[in-house]
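S.K.: One-letter residues, chain by chain:
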Amino acid sequence: MSTPAGFGLPGLECLWIKTAPMTYPKKVSRRHFLRLAATATAVGPFFTFPNRTLAGQKTLKIAKWAHFLPSYDAWFESVLAPAWGKQHDIRVVVDHIPAEQIGGRAMAEVAARKGHDLFMFPWPPAEFQQHAVDHTEIYQSVAANFGSIPLIAYKSTFNLKTKKHFAFADSWVPSPLHYDEDCWSEANMPLGPLHYGSLRSGGQRVRAKLGIPCGLALTSTLEGNITLHTILYAFRGEILDQDGNVAITKNAFTVNALKYVKALNQDAGTPEQLTWGPSGNVRAMLSGKVSCTSNAISLLRAAEKENPALAKKIRLQPPLLGSAGVTAFPHATNCSVVWNFAQNQDGAKQFLADLIDKSKAVYENSKGCNFPVYQKTVPDLIVRLENDPYADPPYKYKELKDALHWTPNLGAPGFASPVWMEVFNTFLIPRMFLSVVKGELSAEDAARAAEAEVKRIAGKWKDA
Amino acid sequence: MLGALLQLTCGAPALPQTTPVVNPPPCDFNDNFYNANGINVTNLDLQVAGRFGNFRQTGPPASSFNGGTNNWVADSTCSVTDPTRRNFRILATTGGYVDDGTGSPTDFISILAFLTNQNDFTGVANARNIQMVDIVGNFEAYAALKQRLPNGTFARNPCGTMASPDAPTTPCFPVTSVATPSLRQDWRFATNRNAIDGSDGNLVNGTGKGVTIVNNSPFGYFCDDLLGMWVITYFWFTVDPANPNPNPTQQCGSILAALGQKNGFNLDGTPIIKTADELNNQLEANHCGAEGQEDVGGADGGAVWLVCPAIPDPRQGGIAPDAFPDVVFKPDGTPLDPAIINNFRCLQTTGQFCN
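Protein chains in written order, with my numbering: chain A, 1 to 464; chain B, 1001 to 1355.
Derived by calculation from the structure, the hints in this document are not laboratory data.
Ideal placement from N, C-alpha and C gives every residue a C-beta, glycine not left out.
Check the hints yourself; a few may be wrong.
Here's a subset of chain B near chain A, in silico, CB distances under 10 Å, partners left out [to be verified]:
id: 1; residue: 1118
id: 2; residue: 1123
id: 3; residue: 1137
id: 4; residue: 1165
id: 5; residue: 1233
id: 6; residue: 1287
Sequences are here, hints too, so could you generate the full structure?
M.R.: As structure tokens, then:
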């Protein structure tokens, strides 16, 4: 049973579970949560909703991925949604779904053609585009106040063939490198490793001196998915080229990336990396078992809350320099879909348009995790990053100032296509890397096997 | 010239100039300016950094081949012309290829100093409150060290931490010096990176369905990198030109031959590489070449970064009459790529690039 990406050991005491619409979430124990979740799974994939209308009042049903910071979801459900509902005389129901389950839940809804009106994914839901309304009008309505669509949103939600926006992106979560300053000072790298070569050589020295390995996420989890797609891209590897052609074995880059990660794990990593579940890298970093990892800043926020002494030592740096430059995929891209079978499409569209007005509150309540797609909505973002109220030192987060510059959309170098996103959501890339790191396949064979799978997926979507 | 335009629009220091000089020749920065941009001046003044004005007045790159004797001279006009500079004017003018895809031999820079580990950065942020160590990763200077060892052996990997898995780690070629005599070919510089006008291919704006796309606000070499610093990306051949296809599936022989026919051959007998496409999509994509950066903790013993500002516009005075070209020469004293030195001479004598 997957669990939400909770933070803080054991971290699960902060999980929320939806018990009734428009009520405050209850805190539940891990055991209680698992029992309830198991029951829900056994009963079926669908949520049970109350009557759609009460005394004629409309309902807006929202499914959203469970945020890395549970406090954000609590705010979303208990403050943001009710306030909007009151303003529009609409009853809002919010269900939080663990990121690992969001794809499955969405598939179940489209199969049944019923469920929520609005489905919020932590990545571009390109595979679901035939079940989505065209979201262009939402972007257009927002443009009047906040300007034209930013590139990361455009390439995350636009289908070049249909000329439609299959989703609406309002925020995204950068994924910087987190490193323990004390550890890396032992490698004469107090400013962090900066590039992939030094991650390996410096990480080797840190492990040799302190016994603390480097802790990038390498398994089939959201963290591993983002980390390994980032490494592949930083080494110039591509799943699909700019034109959407399968390119994973087109050149040596994928093999180079595979060999690098294998060497990194051998020289500077730990066998435990190969077994981590969701947030395994986060828990390892928060318990001081690893010297670095790549993640959303929710990691550092959790440290600030639970272990200020450790948080003080954890520093951020922009992504590592690879042969393709300084780059890292977003840890999450908040992309919302209004289903074309939604009963309250107008309400869902209005909610999304109005969500942009709340970008500043989204940023604040996510404790800086969620960067606004529309930069004008948080015009003092840089000032905030330079003087963060929770950080010690307060300027720690300024490393994120140019995050938009180093963050490509999932799907890069092209758009987020159904093929690319199915590859992403089936964890093909982490599986490819793991097979090499574990010694099950050579780098060349793993790349070829992955290519075959990508081609199969591409064939499935050739008309999309 | 784009570079000059950018310098004027966004890179110009806010300090007042008493005497307007349109296009002055290069001088070293003063200590205050290094400090303001996060560089440890104490370390910069150590011999290993080789700061012009303190060290390397004679010797490489000055040589009998290029006619240079002093790499720099005292010049009291430097700080008057530009208050961020100190009074040492640079004569050694390093030429190279611009990284805009054309490989044109039009970039000219001044290698003021070498930085060998992170202790050379103070952590002080610049005017945009960004640390230099973060900015500099966006700007790469591509160094091509000699791979042929004194005994004639061709080493397919560098010594130290950068070795590629595509080749054996021994024998290896040294990476402790990027002085011109250690180079097999001339440099390539990414002065075009992240140009705010989109001239690097970066999408600044465009159109979607009924909307305009606006990109982010990227770094610009002439806007943000006020010291003109670079991270050095070393690149090398992972195959011996005498045996370019060590396994039957490799196509390196034909790739090297084609590149050599197009660009000529360097001092090692491998082709000259002028563009990113040649390095990335022809060599590296086919297991024929590799690239990397030195250990930022200093474990490799050589330069990780350069303080090496490009001359924004080398025309109309940017190349002083007493400057000399720092380029790679063949053993017989002729330049490896005459196009670079020809441009230098044209600029120096006419103020314009050669036709």
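S.K.: Let me know if the C-beta of residue 1137 (chain B) comes in closer than 10 Å to any C-beta of chain A, holds or violated.
M.R.: holds, 5 Å
S.K.: Quick check on residue 1118 (chain B) please, does its C-beta sit within 10 Å of some C-beta on chain A?
M.R.: holds, 5 Å
S.K.: Hint validation: residue 1123 (chain B) versus chain A, beta carbon distance must be below 10 Å. Holds or violated?
M.R.: holds, 7 Å
S.K.: May I ask you to test the interface hint for residue 1165 (chain B) with respect to chain A, counting a Cβ-Cβ separation under 10 Å as satisfied?
M.R.: Holds, because the Cβ-Cβ distance from residue 1165 (chain B) to chain A comes to roughly 5 Å (cut-off 10 Å).
S.K.: At a threshold of 10 Å, is the proposed contact between residue 1287 (chain B) and chain A supported by beta-carbon distances?
M.R.: holds, 5 Å
S.K.: Take the shortest C-beta to C-beta distance between residue 1233 (chain B) and chain A; is it under 10 Å?
M.R.: Nearest chain A Cβ about 8 Å off; hint holds.
Hint violations for this structure: none, all hints satisfied.
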